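From first to last, the protein sequence lines are chains B, D and G. At position 153 of the first sequence the residue is numbered 153 (this note's numbering), and the sequence of numbers has no breaks. Each number in this note's numbering comes from the position in the second sequence (counting from 1) with 1000 added on. Each number in this note's numbering comes from the position in the third sequence (counting from 1) with 2000 added on.
Worth double-checking, as some hints may not be accurate.
Sample of chain G residues at the chain B side, in silico, Cβ under 10 Å [claimed, not checked]:
#1 Leu2032
#2 Ser2219
#3 Pro2235
#4 Val2237
#5 Val2258
The calculated SDA-like cross-link candidates involving lysine to any residue, where the alpha carbons are at most 25 Å apart (straight line), are [claimed, not checked]:
#6 B:Lys243 <-> D:Trp1131
#7 B:Lys183 <-> B:Pro100
#8 D:Lys1147 <-> B:Ile3
#9 B:Lys239 <-> D:Gln1156
Keep in mind the hints are simulated off the structure, nothing from the lab. Note that the structure is predicted; figures quoted are calculated from it, not measured. Backbone N, C-alpha and C define an ideal beta-carbon position, used for all residues, glycine too.
For reference, the chains in residue letters:
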Amino acid sequence: MHIVMTLLKRLIYAAILLTAVLVLNFSMMHFAPGDVADTIAASMGGADAETMAQIRVEYGLDQPFFVQLFAYIGRVLSFDLGYSYFYNTPVTELIFERLPATLLLAITAQVLAVVVGVLLGVFSARHPNGIANYFVTIFALFGYAAPVFWTGILLLIGFSLKIPLFPVAGMSDVTVQGGFFVKALDIAHHMVLPVLTLSSIFLALYSRLSRAAMLEVLGSDYIRTAKAKGLSNREVTLKHALKNALPPVVTLAGLQFSAVISGAVLVESVFSWPGLGQLALTSILARDTPTILGILFFSALVVIIGNLVTDLVMRLIDPRVRGHA
Amino acid sequence: MTEPLLKIENLRIELALRSGQAPVIDDLSLELNAGETLSFVGESGCGKSMTALAIMGLLPEKVGSIASGRILFDGRDMAQMNDTELRAIRGNEISMIFQEPMTSLNPVYTVGEQIAEVLRRHKGMNKRDAWARAIELLDAVRIPNAKSRVSAYPHQMSGGQRQRVMIAIALACEPKILIADEPTTALDVTVQAQIFDLLRDLGRDTGTAVILITHDMGAVAEMADRMVVMYAGRKAEYGPVSPVINHPRHPYTKGLISCVPHLLAELTEERPDLTEVPGIVPALASFGTDACLFASRCDLADDKCRSQRPPEVAFGDQHSACWKADQI
Amino acid sequence: MTQIDDTPAKARSPFSEAFEMFRRNHAAVIGLVILLTIIIIALIGPMLYPGDPFDMVWVPLSPPGEEGYLFGTDYLGRDMLSLLIHGAKVSLTVGVSAAFVTVIIGITVGALAGFYRGWVEEALMRLTEFFQVLPTLLFSMVIVSLFGASLPMITLAIGLVSWPAVARITRAEFMRIRELEYVTAARAGGVKNNKLIFSVILPNALPPIIVQAALMVGSAILFEAGLSFLGLTDPNVASWGQIIGSNREYILDASFAVTVPGVAIFITVMAISLVGDGLNDALNPKLRQR
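Next comes chain B alone, as it looks inside the complex (with noise of 0.2 Å):
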């Protein structure tokens, strides 16, 4: 009942902000200099002022901004983001076909982070004087200070070119013939760089945290109790002490959604992978606004249930958030 009513209110919350989401899409179209009509016009290689004002009352760009503004909301609602100009093909169905793509890219690289740097994290918090303290320095100056598209880059040269270890670009191989297992082989060999990079920003940050959480749940007195009750080493870390530390990073990963999807729109540019960055750069140099305008409103989507995802595994983690039963 608790946790049914909740959800509810998160999901009921959700469907607001989707909402923000739109009317700030609709203003900027709106607000921006040129319109729909331009588009077109300059597609069908210029038109007159007649036509343009044609054009205009057929697509409803001359009723009042609040008209405008519910047919858009109520087209949304009906799964219906506009017409690419530019590609001839509806918005979402164009999305949908590179969503998976930049969904696997994001989630495998966003696990990644996470389970390497809470390892690294509770490893260095053990051993203070021991070398994964150092990885975890210079992972953090690494990951923050380093533009990924240059770190990208680098590992393209390193690995792709100068030892031609991993594909230079693309998710797939088209010459690679055979089942379902050898093509998701295929995929994974094609992800290794650009995961890698994707995930080096994130790592150096929950590293740290991690690090700093598990030295703090390491000093309180539930550990000294854990070990007076004489668990190993083991024990007390892992199971006494990495589920306290948990929280606070699981709370930092919720916050990074965005900052992956921003991450992964360089990262698809370096390495050609054909995702949603790779299809919003091209429409905003073709200024294909439909287009452009979906995308953002799929990546708040993608965030919104990132956000939701990760209430649900603080849910799970600790009893606190769950409230008195």
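Please build the complex by placing chains D and G on the supplied structure of chain B, with the hints as guidance.
Relative to the frame of chain B, chains D and G by itself:
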């Protein structure tokens, strides 16, 4: 007479300070017999808790260490044991409850799991048996409705209930020694009395020896068989409770007792905390010096007190480390 | 070896104490020296190295050192060193001004949300969350593409998408300080709200905001580099990210044209980060006692 259960011989614990090593426990010797209750009394910072942590092998890493002396438990020296040997004793034959019940339980596990865990670790019980035993233990520490409370999380319990859970954890493996470090300081007065009653009854039922660290003189009088008064890392006075309280042979003990009005007249539910003896405990750095460390706060002190460490003088079972013991 | 400090701390003014802490932090001092060097290069470099960096001077993509061109030439035969020096000015200017915009918006939103309870706080926090849902880079790409890729617009776009972090920190500080005795006392003494916000609470809330502002400069430089790497910048102005972006097709023949500007960004942002960490330690009274 049989061998004592725990025998501490000339224990010296040093703390690393910027100015060098300081002995927080200096030449401490004492014995604990099976089934008896021994009380450590003294102001904060006198080394009571350090002694307890040393017995558990839980001195703060890299800060405190045992410099010399022996801690004999069942004839074996715990100061020389490695971590594996110590872990087999901790929580099993010697267990400990702490001052802060609000923070001493792990917030992310149910209390049942935290009790069952020790039983699985030391008694080799399987999950189901350990869980069933955890319910029995919660019942034994007088938590109502144990069967449903066993799946509660610490944040769903009051401070007193959490301390009861700590006691259940500590007594789960029927230890030979239970160390209770200020177990009631953080609790309400009425709850304090209940916890003391519980400790006394359970100790009696199981034959567990108890080391009670406290500054509640009322609790000492009510619970303990013998007491150790500690001052600045050294034993000031040592002996059976009633002669020490009736006729203290150390000015510090005398000061402590006079701070508690009507201590012997009538024991009430309300136990006032020790108010401090005038003056302050000397700085850690001066702990090792060859002098009576209480001299700066003592009316009777003379040059000898300030230049030579007093030896222990015996008055029957009662021992006092004071140059003027016979004048008190 | 861990030690307990038993020597009493000397009483000094907070400012000199913070300065002393910072001075003793070698990494932070090195960072500051590097940063000052880069700033000086960006300021006087264009004077020492006059001429249009976009002029073709030599064979395209010739390696560093050839014909006296220290860092070689780019794909259009332009002097890399000249591009880097002129790019430094652009990258730093955009970085600092975008961080300024970020901090101004962040402090305003955070201070109001942290000072007032009720609907003001509620509305502003929802606004903050809303901005955190939009992926920053994508959002700024959209702004720049819709409203034009000029340097002022890029600066504004970076500020407009980055402020939530500053707002959150400011709000947390305000909520903490607003409950302290001296604020209550000032309030009881009839001090007006806007005076309370700006002259009583804000000065005390500044230390973490200053640290965040310093780090924001680094983030903004990275942000601008990302945008110009993607080509979303004024094509007539050289910046570090733009040099990388325009030469990326040629990494097989001339990797230096991509790696060298990256090193410039890396060193600058690292120096800022070291200074930021040093400021954080120096301004954090809890750490000072260690």
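Hint by hint, here is what the structure shows:
1. Leu2032: violated (15 Å)
2. Ser2219: Nearest chain B Cβ about 9 Å off; hint holds.
3. Pro2235: violated (12 Å)
4. Val2237: Given a least distance of 18 Å, the restraint on valine 2237 of chain G is violated.
5. Val2258: holds (5 Å)
6. B:Lys243 <-> D:Trp1131: holds (21 Å)
7. B:Lys183 <-> B:Pro100: Since the Cα atoms of lysine 183 of chain B and proline 100 of chain B sit roughly 15 Å apart, the hinted pair holds (cutoff 25 Å).
8. D:Lys1147 <-> B:Ile3: Holds, at roughly 24 Å.
9. B:Lys239 <-> D:Gln1156: It holds: about 21 Å lies between the C-alpha atoms, which stays within 25 Å.
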